[in-house]
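This is what each chain is made of:
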Amino acid sequence: GAVVSQHPSWVICKSGTSVKIECRSLDFQATTMFWYRQFPKQSLMLMATSNEGSKATYEQGVEKDKFLINHASLTLSTLTVTSAHPEDSSFYICSARSGLADSYNEQFFGPGTRLTVL
Amino acid sequence: GDSVTQMEGPVTLSEEAFLTINCTYTATGYPSLFWYVQYPGEGLQLLLKATKADDKGSNKGFEATYRKETTSFHLEKGSVQVSDSAVYFCALTPLGGFQKLVFGTGTRLLVSP
Numbered sequence: 001g002a003v004v005s006q007h008p009s010w011v012i013c014k015s016g017t018s019v020k021i022e023c024r025s026l027d028f029q030a031t032t033m034f035w036y037r038q039f040p041k042q043s044l045m046l047m048a049t050s051n052e053g054s055k056a057t058y059e060q061g062v063e064k065d066k067f068l069i070n071h072a073s074l075t076l077s078t079l080t081v082t083s084a085h086p087e088d089s090s091f092y093i094c095s096a097r098s099g100l101a102d103s104y105n106e107q108f109f110g111p112g113t114r115l116t117v118l
Numbered sequence: 119g120d121s122v123t124q125m126e127g128p129v130t131l132s133e134e135a136f137l138t139i140n141c142t143y144t145a146t147g148y149p150s151l152f153w154y155v156q157y158p159g160e161g162l163q164l165l166l167k168a169t170k171a172d173d174k175g176s177n178k179g180f181e182a183t184y185r186k187e188t189t190s191f192h193l194e195k196g197s198v199q200v201s202d203s204a205v206y207f208c209a210l211t212p213l214g215g216f217q218k219l220v221f222g223t224g225t226r227l228l229v230s231p
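In the order they appear, the protein sequences are chains A and B. Numbering-wise, the first sequence is residues 1 to 118 according to my numbering. Numbering-wise, the second sequence is residues 119 to 231 according to my numbering.
Calculated from the structure, these hints are not laboratory results. Watch out, some of these pointers could steer you wrong.
[To be verified] Simulated restraints, written as ranges between beta carbons of each label pair:
#1 Gly61/A - Gly196/B: 18 to 26 angstroms
#2 Thr169/B - Glu22/A: 27 to 35 angstroms
#3 Glu134/B - Gly53/A: 50 to 58 angstroms
#4 Ser5/A - Glu134/B: 43 to 51 angstroms
#5 Arg114/A - Lys218/B: 19 to 27 angstroms
#6 Pro158/B - Glu87/A: 25 to 33 angstroms
#7 Arg114/A - Ala171/B: 35 to 43 angstroms
#8 Glu133/B - Gly53/A: 48 to 56 angstroms
#9 Ser73/A - Lys218/B: 37 to 45 angstroms
#10 Ser15/A - Asp172/B: 51 to 59 angstroms
#11 Gly53/A - Gly159/B: 28 to 36 angstroms
[Said to hold, decoys possible] Calculated cross-link-like contacts (lysine-lysine; reagent style BS3-like; alpha-carbon spacing at most 25 angstroms):
#12 Lys170/B - Lys66/A
#13 Lys170/B - Lys218/B
#14 Lys170/B - Lys64/A
Bear in mind that the values here come from a model prediction, so they are computed numbers and not experimental data. Beta carbons: idealized from backbone N, C-alpha and C, even for Gly.
In isolation and in its complexed conformation, chain A is listed as follows (with noise of 0.2 angstroms):
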């Protein structure tokens, strides 16, 4: 099947800095990007949809400004976290997909970064 990555897997960091997750599509072109969030014993949230070249769709509740998603080609998409606090530490997962939106297509998931804020 399709390989995803992500990286880094694991990052700490300080109150008040940004940390940059890069999700890598390594042998397909997605033309689509999905970020989740995970809590401990909780299900996979969608944070948001991007596709290759526009500007990405948040879903309710996600602040845009907070959570910067760029998906500049059709095989890399990064998620920003700007000035990070203790809430935001969770695991974030990233999938990508080809194809059109309107038709199924398998999303194939990254191995996810846990992000650690101090």
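Given chain A, put chain B in place with the hints provided.
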């Protein structure tokens, strides 16, 4: 809104035991239903899916049947192996919403030799 409820874990079984992980959903119309599996240190992988009522998805010995009348999509396997130890997520995409996955909380399965 749409939601998925699955049984809490961990589910602990001995090798060759029968597995059932319950999943029920709330959605408008006819969503597509999925089971994803996450092995330690890896990303979620699609295990099986069903797109309409009474469809049965199957893969690697796992099965799940789309039951519209009970809004359920329970995962079953007749004989589990130690290598099946993982976290299993039930999910749906709303009718027409092929981009969006709504996940359950995940169920950890531990299989001992």
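Practice task
For Ser73/A and Lys218/B, compare the CB-CB distance with the range 37 to 45 angstroms and indicate the outcome.
Solution key: 23 angstroms, violated
Handout entry: Status of the given 28 to 36 angstroms range, CB of Gly159/B versus CB of Gly53/A
Key = 32 angstroms, holds
Problem - Hint check for Lys218/B and Arg114/A - Cβ pair distance inside 19 to 27 angstroms - result: 24 angstroms, holds
Exercise for the section: Could you grab the alpha-carbon distance between Lys170/B and Lys66/A and see if it respects the 25 angstroms cut-off? Expected result: Judged against 25 angstroms, a Cα distance of about 38 angstroms means the pair is violated.
Practice task
Return holds or violated for the Cβ distance of Pro158/B and Glu87/A against the range 25 to 33 angstroms.
Solution key: 27 angstroms, holds
Practice task
With 35 to 43 angstroms as the target window, see if Arg114/A and Ala171/B comply at their CB atoms.
Solution key: Once the Cβ atoms are compared, 39 angstroms apart, the range 35 to 43 angstroms for Ala171/B and Arg114/A holds.
Practice task
Verify the proposed pairing of Lys170/B with Lys64/A, using a straight-line Cα cut of 25 angstroms.
Solution key: 35 angstroms, violated
Handout entry: Consistency of beta-carbon spacing, Gly196/B to Gly61/A, with hint 18 to 26 angstroms
Key = Since the Cβ atoms of Gly61/A and Gly196/B sit about 42 angstroms apart, the hinted range of 18 to 26 angstroms is violated.
Practice task
Evaluate the given range 50 to 58 angstroms for the C-beta pair formed by Glu134/B and Gly53/A.
Solution key: 51 angstroms, holds
Exercise for the section: Below or equal to 25 angstroms on CA atoms is what counts here, so check Lys170/B against Lys218/B. Expected result: 17 angstroms, holds
Problem - Range hint compliance [Cβ, Ser15/A to Asp172/B, 51 to 59 angstroms] - result: 52 angstroms, holds
Exercise for the section: Could you check the hint for me, namely that Thr169/B and Glu22/A are 27 to 35 angstroms apart, CB to CB? Expected result: 33 angstroms, holds
Against the hints set out earlier in the document, violations occur for numbers 1, 4, 9, 12 and 14.
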